[in-house]
Amino acid sequence: VLFRSDDGKVDPHPSSVNAWESQFEYIWMCYNEKVRGVGGISIRDSTNVSDLALLLFGGQANIAAGGGGGGGGGEGEVSMLEGYV
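Residue numbers (the working numbering): 1 to 85.
Please note that the accuracy of each hint is not assured.
The following label-pair restraints were derived from C-beta to C-beta distances [stated by the list, open to error]:
1. 32 / 56: 18 to 28 Å
2. 23 / 55: 19 to 29 Å
3. 63 / 19: 35 to 45 Å
4. 64 / 17: 30 to 40 Å
5. 39 / 77: 28 to 38 Å
6. 22 / 53: 15 to 25 Å
7. 8 / 78: 22 to 32 Å
8. 36 / 63: 30 to 40 Å
9. 21 / 65: 35 to 45 Å
When the alpha-carbon atoms are kept at most 20 Å apart in a straight line, the in silico EDC-like pairs for lysine to aspartate or glutamate are as follows [unchecked claim]:
10. 9 / 45
11. 9 / 25
12. 34 / 21
13. 34 / 11
14. 34 / 45
15. 9 / 21
16. 34 / 7
17. 9 / 33
I should point out that these hints are in silico values taken from the structure, not numbers from a laboratory.
For every residue, glycine included, the Cβ atom is placed at its ideal position computed from N, Cα and C.
Using the sequences and the accompanying hints, generate a full structural model.
Here it is, written out as structure tokens:
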């Protein structure tokens, strides 16, 4: 099951090679075309991408300093694509 923040559940288009996949190795999916049909919203020309590929090729990353949660670690928050990721 795939989700978009603005559309909710989407499925790979039936003509896509990803339509018959039941599990994906990574949680991110890039696609070229979104289609609304009788069966709901589906995506075409999709490929599964790793976290590293998204960080390297996804554009500028914004890093916010950690909130000092008492753990002493310098943990922060990373966002990309105008807060979408």
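Hint check:
Checked against the hint of 18 to 28 Å, the pair residue 32 and residue 56 passes, with Cβ atoms roughly 20 Å apart. Taken as a hint, the range 19 to 29 Å holds for the pair residue 23 and residue 55, whose Cβ atoms sit roughly 23 Å apart. For the pair residue 63 and residue 19, the supplied restraint of 35 to 45 Å holds, since their beta-carbon distance comes to about 37 Å. Taking 30 to 40 Å as the suggested C-beta distance range, the pair residue 64 and residue 17 conforms, at roughly 38 Å.
Distance hint for residue 39 and residue 77: a CB-CB separation of about 37 Å, consistent with the stated range 28 to 38 Å. Between residue 22 and residue 53 the C-beta distance comes to about 22 Å, which sits within the given range of 15 to 25 Å. For the hinted restraint 22 to 32 Å between residue 8 and residue 78, the CB-CB distance of approximately 25 Å keeps it satisfied. For the hinted restraint 30 to 40 Å between residue 36 and residue 63, the CB-CB distance of approximately 36 Å keeps it satisfied.
Between residue 21 and residue 65 the C-beta distance comes to about 39 Å, which sits within the given range of 35 to 45 Å. Our distance criterion of 20 Å between C-alpha atoms is met by residue 9 and residue 45, whose separation comes to about 17 Å. With a C-alpha separation of about 19 Å, the suggested pairing of residue 9 with residue 25 holds against the 20 Å cut-off. Of the pairs offered as hints, the one joining residue 34 and residue 21 holds, with about 18 Å between alpha carbons and a cut-off of 20 Å not exceeded.
Taking the CA atoms of residue 34 and residue 11, the gap is about 10 Å. The hint holds against a cut of 20 Å. Between residue 34 and residue 45, the direct Cα distance comes to roughly 9 Å. Compliance with the 20 Å bound is thereby established for this hinted pair. For the hint linking residue 9 to residue 21, the alpha-carbon distance of about 16 Å falls within 20 Å, and the restraint holds. The suggested pairing of residue 34 with residue 7 holds, with an alpha-carbon distance near 10 Å, which does not exceed 20 Å.
Proposed proximity of residue 9 and residue 33 is supported: the alpha carbons are some 15 Å apart, at most 20 Å.
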